[in-house]
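S.K.: Keeping their order, the protein sequence lines are chains A and B. Heads up, the first sequence is in our numbering, so the first residue is 1 and it goes up one at a time. Heads up, the second sequence is in our numbering, so the first residue is 233 and it goes up one at a time.
Calculated from the structure, these hints are not laboratory results. Here the structure is a predicted model, which means the values were calculated and not measured. C-beta: ideal position from N, C-alpha, C; glycine also. Each hint should be verified, as a subset may be incorrect.
For each label pair, taking beta carbons as the anchor points, the in silico distance ranges come out as [what the hints assert, rightly or not]:
id	chain 1	residue 1	chain 2	residue 2	range
1	B	Asp240	A	Met142	56 to 62 angstroms
2	B	Pro299	A	Tyr221	36 to 42 angstroms
3	A	His167	B	Arg358	42 to 48 angstroms
4	B	Glu253	A	Leu175	37 to 43 angstroms
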Amino acid sequence: MSDSGPQIPGIFSGLWATARRDLLLAWKRPGDVLNPLFFFAMVCTLFPLAIGPSPEQLEFIGPGVLWVAALLSTLLSLNSLFLGDFEDGSLDQLLVSPQPLPVLALGKTLAHWLTSGLPLVLVSPILAVTYRMPASVVPVMMLTLLLGTISLSLLGSIGAALTVGLHRGTALLSLLILPLAMPVLLLGANTVSLAAGNDIYTTGVWALGAYAIASLSLAPYATAAALRISNE
Amino acid sequence: MTAKLSADDLTLIRGERCLFEGLGFALNSGELLLLEGRNGCGKTSLMRAIAGMLSLETGQVLWNDVPVLKQRQTFHGELVWLAHRTGLKGDLNMVENLHFEESLRPQSGRDREAVYARLGIERLKRLPLRSLSAGQQRRVALARMLLADVPLWLLDEPFTNLDREGRKLVMELAEEHLAAGGLCVMAAHQDVDINGPVTKIQMQ
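Next comes chain A alone, as it looks inside the complex (with noise of 0.2 angstroms):
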């Protein structure tokens, strides 16, 4: 009946039409993508000025304290996903498109993935070397960050979606991705250690990759899902 009228665009053309607006976004207010990766380039420093220079302790902790913070740096900047959207009403407009709204959240997702999550995979290597990483370590730990922020970014969708609604809903957030994201940090920032130990690292990074994959194909539904609910 409705096939008379022209078709709808593709949902790949919706995916990219939000990437492509929240990375025009971004680019417009870099401070918000300069913020997080300044917060993640801090405390990486900060942790060998407080520890003190001592070689073998800055190798042993180096590759929790980077995963740790990843992930806060990742949190710290979710709260902003979809506040945006709900402050100036284009969360609405979303909600009433005729494009598939996992597919819209997706688009969003990878435009903070992209301006979150990777900027702070090509930054690691800087700071790994402030923590004595062996040059072959560095390798996979920028793998592990590659695909535990995709993660990331998507389980912190869910949570972003959950909390619009609520004024300073950050801590909320926190703890509602926390126990998702745990795997994650655990994952990460062991396969590092041994990587970093000469042990067998692979099956860490499957493990993650895995989890990634989980996230890709059921965090955008859930986070549609509950865009919808905190937007009744």
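With the hints as your guide, set chain B onto chain A.
M.R.: Relative to chain A, chain B alone:
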């Protein structure tokens, strides 16, 4: 193409308050539904319910005799909602904002420049929306509505922030939309002077 928006026995309870109960209407192509009532009486809630964004206690909204919740995407493809908050990004300019909205919908084939000129916003293309006045931003939201070129308009207080000419323009646009076989649901607390078949719902 004719379309039909109807609702039957809608009840919405918010907290302790019953906003409306047993509310029903039927709207055909070319008809206007006018929601009247004082502030806070549930006009916006009813509009959100029509758009399928609220879960109702009882009743359902039907689009072409099919419940909207069963065909959310089709229905959303045929409506445009001019809400109280414009839903436009202050950091982006008009063209960027409208381009985003257009890329989510089918190509309407409307002449953009003509729409801009009609709304008097053709000179504002490259300015970030933040720097425009509230009335100008509302005109951009009207441009989005016109460019979508869909049968059902949901207009929530469309006259807010508009000057006298702007209000007249909105009424003209609504009249043209109705004449072309469109449907329009409008919530307003001002006098609305629109030629055409009007159904009024006075909300308590």
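S.K.: Against each hint, give a clear statement of whether it holds in the structure.
M.R.: Hints versus structure:
Between B:Asp240 and A:Met142 the Cβ separation comes to about 58 angstroms, which falls inside the hinted range of 56 to 62 angstroms. Remark: the range hint 36 to 42 angstroms for B:Pro299 to A:Tyr221 is contradicted by a beta-carbon distance near 21 angstroms. Evaluation of the 42 to 48 angstroms hint for A:His167 and B:Arg358 yields a failure: the beta carbon distance comes to about 35 angstroms. Separation of B:Glu253 from A:Leu175 is about 38 angstroms and conforms to the stated range, judged on CB atoms against 37 to 43 angstroms.
In this structure, the earlier hints numbered 2 and 3 are contradicted, and the remaining ones agree with it.
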